[in-house]
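**Student:** Sequence:
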Amino acid sequence: MSESEPNQPSGLRRVLGAVGRAALLPVRGAGYLVRSGKAHQHFFLPVLNGALGDQLAARYDRRAIRMSFRRGGQDVAVADLRLSEPQQKTVVFVHGLMGDELIWQTGFQDVPGSRRYGPRLAEEAGLRALYIRFNSGLHLSENGRELSRLLSELVETYPHAIGELVLVGHSMGGLIIRSAGYYGALSPGADNQPAGSEDALNDELRKKNEALQVAQENEDTIDNASVLRSQSSADAEPAPWLAHLRSVFLLGTPNDGSWLEQNSHLTARLLNRINLFPTRFLSKALNKRSNGIKDLRYSILVDEDWQDAHADDLTPPRTPVPPLPGVQYHILMGAWLRATRPSAFREYFGDGLVGQGSARGHATFGDEAALPAGVKVRTAVFSQQHHGGLLTHPEVFQYLKLWI
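Residue numbering for the sequence shown follows this note's numbering, beginning at 3 and increasing consecutively.
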């Protein structure tokens, strides 16, 4: 026997050590899950609201989220934001389905000091970052109207602190922003009309376009504030925040609807048509998903569309929501699949949740000649990026920093 052998672990000892380590794996795994759950427990309420938020709100459940500005993990009234820096560029971040404001602020807890777009932009670009949290289970139009009201309150409370206004939305958040623009463009004097009246919106847009043309003829600088001021004093003004709005960034936004929700809707209808007890049960269970999720099928942004008797048809009514005059839109989308896949396949799946065709918004932004005066649309595709990856991608951050 060599001198080194007494220091070598015996075969039995090695086996026992391996068995011990294997026995501890479930314990260590459970510990990791507990730590991870604590680190991300703030997501529980947003996820619950995304799935059932409309039902929670209908019965005034205390767990139903109310749209609010957020700071330090708490709701903050507009008056308590205490904005003082004069005429500062202000960026408002709006999360997506089942999200909250922290998706813009912090990374994973196991990465010390990790920060996301909001704090980094505030520091490196010298702007003011504000964050919205909302109940993503409500109809898109309900959240759109509330966002417009909240932005109006912000501008009216701090008329000297808000300079240029920039809105950044991820996924559903981008649709909420577009819906807010629709309702903000409707004058308060039009409250007796249907809230989503296409004629009312088109009339407001026509007035803005005429004012923009007058400004161009007089070689004036085109901006929303001068456009709104140039309207006749006899006309009711649109929402005041529109005068400050300059840019809208839509990250992974399903402007023409979500293929995933379209398939869910079709599946529920087919199961119900089979008309057996198990299929009826599955269809009813599937239809329990929230109104916010259902609206994603074709991105329903106006009250009248989901209130219509044909709202559940395969091709439901859909009121056009055009871009706002004088605003620059940035459409940022991911291409999750590798370039080796067929192009049609990559287009359909897009970032895994939102197809590229829908993100481009052909129905809204596709016809450049039909865009309102002063509207510009830029599109950027980020290769091999999934839906959530658009929130952490270094190139997306550099794009935001450059254009904001």
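I should point out that these hints are in silico values taken from the structure, not numbers from a laboratory. Glycine included, C-beta positions come from ideal geometry on N, C-alpha and C. Worth double-checking, as some hints may not be accurate.
Stated by the list, open to error - DEER-style ranges, computed between Cβ atoms:
#1 400 with 81: 32 to 38 Å
#2 128 with 396: 35 to 41 Å
#3 385 with 85: 34 to 40 Å
#4 85 with 374: 25 to 31 Å
#5 284 with 128: 34 to 40 Å
**Student:** Each hint: holds or not?
**Tutor:** Checked hints:
no.: 1; hint: 400 with 81: 32 to 38 Å; result: holds (35 Å)
no.: 2; hint: 128 with 396: 35 to 41 Å; result: violated (20 Å)
no.: 3; hint: 385 with 85: 34 to 40 Å; result: holds (38 Å)
no.: 4; hint: 85 with 374: 25 to 31 Å; result: holds (30 Å)
no.: 5; hint: 284 with 128: 34 to 40 Å; result: violated (53 Å)
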